[in-house]
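Asker: So you can see what is in the structure, the chains are spelled out below.
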Amino acid sequence: MAGAAAANAGTNASGDDRRWGLALRNQLNVFPAVFFRESESRQGRSFALGYLASGIEPLLVALVLAILFSVLSRNAPYGRSLMLFLGTGVFPIYLFIHTSLRMRQSVGLGKRRVRYPLERPLDHVFVNAVLHLMTSSAMAVLFFGGLYLLGVPEALPEKPLVAFEALLTVFLLGLGMGLTNSVIVRILPIWDVFWPVVVRLALHFSGLFYVVAFLPPNVRGWFAYNPLLHGTNWFRHAFYPFYPDLVSNENYVLMWAFSLFTFGLLLEAGTRNFLEAKE
Amino acid sequence: MIKLRRLSHAYRNGVPIFSDVNLDIPTDRRVALLGHKNSGKSTLISLLGGMMQPTFGRIDRRVRVSFPAGYQGGFRLSHTGRQNIFFAARAYGANEREVFDFVRTVTDLNGALEKPMRDLSLQTRIGLSYALTYALPFDAYVFDNIVGPVGSDIPDFFHRCRAMFEARSRDSGLIISTRNASVAEQYCDCAVVIHERNLLFFDNVYDAIWYFERNGAAPDAATDGFPDQADEDFDEDRDEPSEFAS
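In order, the protein sequence lines correspond to chains A and B. Each residue of the first sequence is one higher than the last, beginning at 1 in the working numbering. Each residue of the second sequence is one higher than the last, beginning at 280 in the working numbering.
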C-alpha cells in the first residue's frame, strides 16, 4: 500500500485520483456504518420507542383537535371528514417541526470529541434525515391508509405525486432550518430550549384547523408570508381537487426551502473550523 | 507519504506552534516525532490523525492514517463493546467479524464486550481502544507518547501491544511522538524533530537524537519555566494525566 503511494506520488494527477478514490471509499463505508448505528438506537433509547414517540405526537394533536371540534359540534372546515382535514394539516407541519429539531440534535452528536476523524458532522445530518423521512412516510401511510379503511375514500390522494412533492419540499425546508439551528445552538446554547417552543407556533399559523383562503383579506395577507402554510396547502391540493388556492404559491415555499437549505449548508461549512476549535 | 504543505498552526489564544512547515513524512517506516515539553507533539499527532484542521496550509494524506491510538471519542458509551467495534470496523471498511475476534482475543474480554461500554473501567476502555486501533487496517498508525497503555487492568497488555506494534510495522508505517530519546531509539528508525516551530526530518534516528539533545536548551523548552531534567524521570505520564493515572 505504501509502495503504491510512493509510486503514485511521482505524478500529480494520479495522486489526486487516489486521494479522491480514498475519500469516496470512506464515504461509502461511513454512511452505512452510521446508518446502522443510528437505526439501532436513537440517543440511547431503543429504536422502536424513539421513533414511535415522534410518530405519535402528530396523531395525538390531530386526535385532541378532533375531539375538541366534535365537542363544540363543529363540522370539518373543509370536506366531509374532520380527521382527514386535520391529518392533511398535521403531517406536513410535524414533518417540518421534527426535521428542524432532529438535525439540531444530530450535528451536536457529530462534534469533534465524540466521533472518529473520518465521520463528518454532515454524515450524521444526512443519515438522520433519511431515517426521519423513512419513519415519517411510514407513519403517514399508516394514518391515511387506516383512514381509508375506516371509510373515508378521500384519504387516498387524488394526485399522489403532488402529495409526495409537497412533503419533499416541506422536508427540505425543515432540513435547511435544522442545519441552521445546529449552528446557532452551538454558538447560543439557550437556543436548545427556545427553538422547540417557537417552532410549535407553526401549528397555529400554518392552516392546521382552518382554511386560510376563507380568512378576511387583511389577515390573509399576513399569513401568506409563512412558507410552511403554502406547504400545507400544497399537500391538501393532492387530496381535495377543489381546495381554494387563493393562498397557495408553490414557488414561494420551494424558493424558501432551497434558499434555507443552501444557507444552512454554507453556514455549517463556514463555521465548522471555528466551532470545532471552540469546542 | 503524508505531505505537509505550508502548514501553520496556532492555539486559539494566538500562540503559534508551527509556522510554514513543508515536509514529507514517510508512511512505510517507523518515525519518531521528537520534541520537548510543550513543543506541540500532541498537536501534531492530532493534526496528522485528522482530529483537527490546521490554521493554515494543507495536510495531504495519500494513505489511510489512523486516529491517535487509544482514542476514546469514537465510542458510544451507551452501546456495547461489540456494537462499537462493529461500527468502527464498518466505518473504516474492515471485516467486522475479523476485527471483533482480533480485539476479543487480544484483550481477553469475552462477556464484557456484550455489556454497555459505560460499565467497563476506563483502563479497560483504553485497552480496548488500543486493541481496536491495531485491529483496523491502516497504512500509518499514529501514537501519542506510547505504543500501549502502561498499568492496564488487562494482564500483560503492554507486551501484547509491543508485539502488535512489531507485527504492524512489517507492512505499515508508525509515527510515535515522544520526548524520550530512549523511546525513539527503541521503536524507530527515522525521526522528525520539532525545533523552533519547524520540523526537521532525519533519515537516521541516531542523528535525530543527537540533534534533539544538542538543542535541549532550546528556547521553546525553556519557556515553561521548569528545569527539563526533573520530569525526564517521570517518563511520559504527565502529559496525559487522565489516561495514565494508575
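If you are wondering where the hints come from, they were derived from the structure by calculation, not from laboratory data. Check the hints yourself; a few may be wrong.
20 Å max Cα-Cα, derived DMTMM-like pairs, lysine to aspartate or glutamate [stated by the list, open to error]:
| no. | chain 1 | residue 1 | chain 2 | residue 2 |
| --- | --- | --- | --- | --- |
| 1 | B | LYS394 | A | ASP245 |
| 2 | B | LYS394 | A | GLU40 |
| 3 | B | LYS316 | B | GLU475 |
| 4 | B | LYS394 | B | GLU375 |
| 5 | B | LYS394 | B | ASP380 |
| 6 | A | LYS159 | A | ASP245 |
Heads up, incomplete: computed chain B residues facing chain A, CB under 10 Å, no partners named [said to hold, decoys possible]:
| no. | residue |
| --- | --- |
| 7 | GLY329 |
| 8 | MET330 |
| 9 | GLY336 |
| 10 | GLY352 |
| 11 | PHE354 |
| 12 | GLN362 |
| 13 | PHE365 |
| 14 | ARG369 |
| 15 | ARG376 |
| 16 | MET443 |
| 17 | GLN465 |
| 18 | CYS469 |
Since the model is a prediction, treat every value here as computed from it, not as a measurement. Backbone N, C-alpha and C define an ideal beta-carbon position, used for all residues, glycine too.
Asker: Looking at the structure, which of the earlier hints fail to hold?
Answerer: Violated hints (numbers, rising): 1, 9, 15, 16, 17, 18; every other hint is consistent with the structure.
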